[in-house]
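Start from the sequences, fold in the hints, and give me the full structure.
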Amino acid sequence: MMAREEKKPRLVERDTRLESDALGRERSLLDATWSNGRGLIAWMAETDHKAIGRRYIVTAFGFFALGGILAALMRIQLARPENTFLSPDLYNQIFSMHGTTMMFLFAVPVVLAMGVYLVPLMVGARSMAFPRMLAYSYWMFLFGGIFLYVMFFLNTGPDNGWFSYVPLAGPEFGYGKRADVWAQLITFTEVSGLIVATCLVCTIFKMRTPGMSLHRMPLFVWSMLITSFMVIFAMPSIIIASTCLIMDRLISTHFFNQAEGGDPLLWQHLFWFFGHPEVYIIFLPALGMMSEVISTSARRKVVGYTEMVLSMSATAFIGFGVWVHHMFSTGLPQLGQSFFTAASIMIVIPTAIQTFNWIGTIWTARRLQITVPFLYMASFFFIFIIGGLTGVMLASVPLDRQVHDTFFVVAHFHYVLIGGSTFPLLGGIFFWFPKITGRMLNRRIGQVSFWLLFVGFNLTFFPMHLLGLDGMPRRVYTYPTSMGWHNLNLLASVGAAIIFVSLLVYLVNIIVSLRHGVVAGENPWGASTLEWATTSPPPPYNFAPQLTVASSEPLWHSELAPPPIVGLAADKREVLVTYLLDAEPDHRYPMPGPSLWPLVAAVATSVMFVWSIFQAWGVVWGSIPIFLALVGWFWPTKTKERLEQGVRGRMTVSESLS
Amino acid sequence: MSHLQSVIHPAGIQAALVSHLWWILFGICTFVWVAVAIAALIAMRRGHRAASVDLPESRIGRNVAFAGVATTITLIAIIFESVVIGRSLNTLKAPDALRITVTANQWWWDVQYENPVPSLRVTTANEIHIPVGRPVGFNLLSNDVIHSLWIPNLQGKIDLVPGRRNELWLQADRPGVYRGQCAEYCGLQHAKMALVVVADPPEQFEYWLTANRASAPAPVTPEQQRGKDVIEKGPCAMCHTITGTLAGGRTAPDLTHIASRSTLGAGSIPNTQGYLAGWISDPQSIKPGNRMPPPGLASDELQAVLAYLETLK
Numbered sequence: 001m002m003a004r005e006e007k008k009p010r011l012v013e014r015d016t017r018l019e020s021d022a023l024g025r026e027r028s029l030l031d032a033t034w035s036n037g038r039g040l041i042a043w044m045a046e047t048d049h050k051a052i053g054r055r056y057i058v059t060a061f062g063f064f065a066l067g068g069i070l071a072a073l074m075r076i077q078l079a080r081p082e083n084t085f086l087s088p089d090l091y092n093q094i095f096s097m098h099g100t101t102m103m104f105l106f107a108v109p110v111v112l113a114m115g116v117y118l119v120p121l122m123v124g125a126r127s128m129a130f131p132r133m134l135a136y137s138y139w140m141f142l143f144g145g146i147f148l149y150v151m152f153f154l155n156t157g158p159d160n161g162w163f164s165y166v167p168l169a170g171p172e173f174g175y176g177k178r179a180d181v182w183a184q185l186i187t188f189t190e191v192s193g194l195i196v197a198t199c200l201v202c203t204i205f206k207m208r209t210p211g212m213s214l215h216r217m218p219l220f221v222w223s224m225l226i227t228s229f230m231v232i233f234a235m236p237s238i239i240i241a242s243t244c245l246i247m248d249r250l251i252s253t254h255f256f257n258q259a260e261g262g263d264p265l266l267w268q269h270l271f272w273f274f275g276h277p278e279v280y281i282i283f284l285p286a287l288g289m290m291s292e293v294i295s296t297s298a299r300r301k302v303v304g305y306t307e308m309v310l311s312m313s314a315t316a317f318i319g320f321g322v323w324v325h326h327m328f329s330t331g332l333p334q335l336g337q338s339f340f341t342a343a344s345i346m347i348v349i350p351t352a353i354q355t356f357n358w359i360g361t362i363w364t365a366r367r368l369q370i371t372v373p374f375l376y377m378a379s380f381f382f383i384f385i386i387g388g389l390t391g392v393m394l395a396s397v398p399l400d401r402q403v404h405d406t407f408f409v410v411a412h413f414h415y416v417l418i419g420g421s422t423f424p425l426l427g428g429i430f431f432w433f434p435k436i437t438g439r440m441l442n443r444r445i446g447q448v449s450f451w452l453l454f455v456g457f458n459l460t461f462f463p464m465h466l467l468g469l470d471g472m473p474r475r476v477y478t479y480p481t482s483m484g485w486h487n488l489n490l491l492a493s494v495g496a497a498i499i500f501v502s503l504l505v506y507l508v509n510i511i512v513s514l515r516h517g518v519v520a521g522e523n524p525w526g527a528s529t530l531e532w533a534t535t536s537p538p539p540p541y542n543f544a545p546q547l548t549v550a551s552s553e554p555l556w557h558s559e560l561a562p563p564p565i566v567g568l569a570a571d572k573r574e575v576l577v578t579y580l581l582d583a584e585p586d587h588r589y590p591m592p593g594p595s596l597w598p599l600v601a602a603v604a605t606s607v608m609f610v611w612s613i614f615q616a617w618g619v620v621w622g623s624i625p626i627f628l629a630l631v632g633w634f635w636p637t638k639t640k641e642r643l644e645q646g647v648r649g650r651m652t653v654s655e656s657l658s
Numbered sequence: 659m660s661h662l663q664s665v666i667h668p669a670g671i672q673a674a675l676v677s678h679l680w681w682i683l684f685g686i687c688t689f690v691w692v693a694v695a696i697a698a699l700i701a702m703r704r705g706h707r708a709a710s711v712d713l714p715e716s717r718i719g720r721n722v723a724f725a726g727v728a729t730t731i732t733l734i735a736i737i738f739e740s741v742v743i744g745r746s747l748n749t750l751k752a753p754d755a756l757r758i759t760v761t762a763n764q765w766w767w768d769v770q771y772e773n774p775v776p777s778l779r780v781t782t783a784n785e786i787h788i789p790v791g792r793p794v795g796f797n798l799l800s801n802d803v804i805h806s807l808w809i810p811n812l813q814g815k816i817d818l819v820p821g822r823r824n825e826l827w828l829q830a831d832r833p834g835v836y837r838g839q840c841a842e843y844c845g846l847q848h849a850k851m852a853l854v855v856v857a858d859p860p861e862q863f864e865y866w867l868t869a870n871r872a873s874a875p876a877p878v879t880p881e882q883q884r885g886k887d888v889i890e891k892g893p894c895a896m897c898h899t900i901t902g903t904l905a906g907g908r909t910a911p912d913l914t915h916i917a918s919r920s921t922l923g924a925g926s927i928p929n930t931q932g933y934l935a936g937w938i939s940d941p942q943s944i945k946p947g948n949r950m951p952p953p954g955l956a957s958d959e960l961q962a963v964l965a966y967l968e969t970l971k
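Protein chains in written order, with the numbering used here: chain A, 1 to 658; chain B, 659 to 971.
Label pairs and their computed distance ranges (CB to CB): (1) A/His254 with B/Arg823: 14 to 22 Å; (2) A/Ala550 with B/Ala693: 33 to 41 Å; (3) B/Ile700 with A/Phe317: 28 to 36 Å.
Just a few of them, taken from the derived set where beta-carbon distance is under 8 Å, the chain A residues facing chain B: (4) Tyr165; (5) Phe173; (6) Thr341; (7) Ala352; (8) Trp363; (9) Ser482.
The set of hints was computed from the structure by calculation and includes no laboratory data.
All of these numbers come straight from a predicted model, not from anything done at the bench.
Heads up, the beta-carbon is just placed ideally off N, CA and C, and yes, glycines get one too.
The structure is reproduced here in structure tokens:
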């Protein structure tokens, strides 16, 4: 009994291990322990959540650029009536690719990636839970995206929209492999999304630093926790849907074939049961970022912490009960529709409460600092609110049946998604860029980029409301001159050009600042959360010593914090596992070292996924390499244990595959 | 803008109700947006100026709660208004209504005027004539994928789902020509799947209906006769129907009264002789991917077919 007590980390008032010399020695030891070595192999075997988070963010923005170019092509095509710039077939592929890219390869991965980078730092952990699985999820995401774009350039891009309604995407009307490519891309992103969500939940629940009880968690961490649960509950629905679709197409099942007892509307239910929560999966992390930035700018904690958390949770719950508002025109019974009208309208309340709390926070700021990140967040009150209000309109069945599937809806969800997620995200990137890279982004260029985006965005999407009211449907590759829609469309296209310029300016800012930006200290914005307590960029082990907290704004109330925790090993990778509610120390847990197996397993899985859209037997034969890769992954070896003590120098193949 | 297809220029009772609802919601939402924007701007100005505003947490909480309650009451009012209007839209079915079955196809509309007497049924395509002031009930079917029938000036949309039958009720209150369009993405030529709705005064509508019950007139000139022969013996009859001739295909629009319709290719082009000639000789250049292959007619055959089709008023 006594012996077990001894092994537990203890709070120590004064410890020789906390004196600066000792700390310096410990830090250099930790540097070696958490080092992944050098060389290409080490790069491929990377398991540090910060490196993977960075790759996720950069890759997702790469897909954002591709999706944006597709949007620009659509805006060129629609700038004039009867335009022949794009053929109908290419246009249909492009709008499907644009939606699929933005939803599955940008919006969801990038917000999860922000969580991957920031959450362990914010909760004061040395690593993320399951770092190898996290690496696997990144490779799956990357390969899925590459697969989609390779198929697109081979003229096999999806052409049924990002929602792939059957029977249009079914075996009878979805020609070639286009719909299969879409369905299998979904499988790739499901795998990666579910893994990230699992890692985030475990990190947040079990790896918070001592003292960070649930009610002291930063709001961004709360938003990621709630989002991760939404991912875990929403994804199974699309997994079922896309698997049934592939089976209908590949092995002639009849899940969606009405002639054989299936039902095309079943697809819509399954898709939107996932698809609507998906919107909140994109939206909630952005709200978390807003809370952090607004609190930092206002130099006070956000008004109504508990209400904020409850609001986000309520959004997540209600978010699973609104999916039918995407199906109001399918002819469902009136009573059922009324229920979904009520739910869709009531989901406004939690977001409204958060908005009021933010306004209250700004109102009572202690000398509000209008920084560039704050500008992005503040635009929420002007842009997102428009999208939210048109959302209220769309929840009304009679009105929805008029404007559903028109440009009004296109305007609505761009206001919601760009205003509610992309603006805060760009602000968030601006805010955490110094933490990630060690250098500040340029403020002047940032302001130029923000205002260009603000103007360009409204110029592009506001006219679309009017187009929708005047009857312009979505997903049309052209429209007749006689309808008189061309002026507003031209205006929208001009706006799109301005958005393009603004994002280019943002990119230039990043490139210039990476080299010449002002060197940021640990905490350039004077923020309150733990990620600002370590160097910029943070060391591979994030923190030494392990910090403890006694407040929800630990850096603003550092005097309250109990002394740091000592007792975590410095000569092997160890993290502190704490109890769920109050984050009291529980036990030390070894973290695995770098490994090439996640990459190998991801390659094997990708081969199986791609093979399976061409041959049903691909599922069987393709599973064998995955099995072998997983055996290698989990095979206990001596080298594996050695790797937990860090990699010295260049990493070798045999080390990486131990 | 032409307002041929506009939600806020209603021409019937249903669309008028929805348009009314739109203006109410527009008013409420504009007010809310302005209120939030002003509050945010004031907050930023005060927050920026004051070194510290000493507002106790409890008072901020009270204000937030007040705003939350106000929001909730507004939202409940919106739900109420929406449900009330939804219910009144649903009560507008009438037993003496005109019944029309619309069957959607990639990418055109088959239109059939129901009548218990089969010989009194009228089949046409891509153009619907309705009487002003009388409710019209549509039975909506689909032959292939999901489509959506949407005539904004008259009524909101309802999908045409394969394997299901949906209903749409509307009534035109003033005569005019309105445009409708497929509103559910249905594949390659979704953009060119429109239809024309002509609301006629009742007597004019009856005249149109009677005229459309007649079979195609017999050809008069030798060239028209030749055109009919080409249609009957050539590829056209495989897909198209012309009542009173041997052409009886059911997979393409009924041509019995083609000359009386205003557009071709489901609203793609106007129905004039030049466009018709262009359409017949190469339908794929006008609406790429549509199901009509170029029939490969010689130019004299084409002229004969045009001459015949022109008589099908």
